[in-house]
Amino acid sequence: MEPSTSIYAIRTTIGQERSVTDLVTTAVIGESDVWECPFCREDFSSEKATKQHMKSCKKKGKKKGEPKLISKNQLKGRVKSILVPETLRGYVFIETTEFRDVEIAISGVPHVRGRVGGKVSLEEIDRFLAPPPAAEGISEGDVVEIISGPFKGERAKVVRVDTGKEELILELLDSPYTIPVRVHADFAKIVERAERVEVVEAAEGDETKAESDELDDEDSFWAHTPDDD
Amino acid sequence: MGNPRRKRRSNWVGIKIAKLKACKACHYLTNESMCPNCKGTNLSTSYTGIVVILPGRDDHEDPRKTSYVASRLNIDKPGKYALKVR
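So the sequences go chain by chain: S and C. All residue numbers for the first sequence refer to the working numbering, where the first residue is 59 and numbers rise by one. All residue numbers for the second sequence refer to the working numbering, where the first residue is 700 and numbers rise by one.
It should be emphasised that the hints constitute simulated quantities derived from the structure, not laboratory data. One should not assume that every hint holds.
[To be verified] To list a few chain S residues with every Cβ distance to chain C over 12 Å, as calculated:
#, residue
1, D91
2, P96
3, E100
4, A192
[As the list claims (entries may be wrong)] Covered stretches of chain C, as calculated for chain S (at least 3 residues, CB under 8 Å):
#, region
5, 723-737
6, 768-781
Ideal Cβ positions, reconstructed from N, Cα and C, are used throughout, including at glycine.
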């Protein structure tokens, strides 16, 4: 079954995505419905609790009445989820049934800088939900920059890629000695790709083979040129 | 250096925000040393991305039925989860 919800993006101050998420969460689950006892005007959070109170309400006397709904939490059950992909800074995604719910959820929340018009397509959201493995696209011989940890800012050459652990074994370029350093692939940014020597060789091999094929073929234009001379 | 107000404020933040840990098995975010969702003890402080699955009107409702994000990530209990845990 396809859920009948849409995903909308909101813009936040960079670095405040988590606090915005927490505040929206509190706005949705923090407030409950308010029911009132018709006799003593006391507030309760559910219809059941109010009915239980009404049985033993001191001001009841011989009067009859029903629990009265004072206010209803508009967001509960309508805002389904909040997504913070930290790869995209300054944006938070909210899954709701209607755009109006986004408006209510973010009203009064600090660090919200606005909404993004239109829905976010599910394919775009999938990219954040199932991020590609970090080591993908990095191969041996590439030059990377280490972006976190004790070697932050250093450039290094990739010696080996450990795809299972998503780790890279690097050799620092500025170091006079070759010390292998193990770094998680998330903490390496690719700077320069290694020249693909094997690919070029393979392509050349194909070409020579193709040429010889053409000379072998009698109907080919190239096959007749030597005879004409 | 000696700004008492600034110092007090930083202390307050330190008490208030405890570092959340993510369960490596179910990605649930928690403050405790055991995952309250799957009772696992394999927790990690290194994670990226957060997903909050909010409860529906009915508390025992399966969020996978109503939410695309929950169904995609196969989350059956509302709560705060990490997207990727190392």
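Hint check:
For D91 (chain S), the condition that its CB be more than 12 Å from all CB atoms of chain C is violated, with the nearest at approximately 10 Å. For P96 (chain S), the requirement that its beta carbon stay farther than 12 Å from each beta carbon of chain C is met, with the minimum near 24 Å. Consistency note on E100 (chain S): stated as away from chain C, and its beta-carbon is indeed over 12 Å from all of that chain's, at 23 Å minimum. Not every C-beta of chain C lies more than 12 Å from that of A192 (chain S), the closest at about 9 Å, which undercuts listing it as non-interface.
By the rule of at least three residues with a Cβ nearer than 8 Å to a Cβ of chain S, the coverage given for the region 723-737 of chain C is violated, with 0 such residues. As drawn, the region 768-781 of chain C meets chain S at 6 residues by the rule of a beta-carbon pair under 8 Å; at three or more, the given contact holds.
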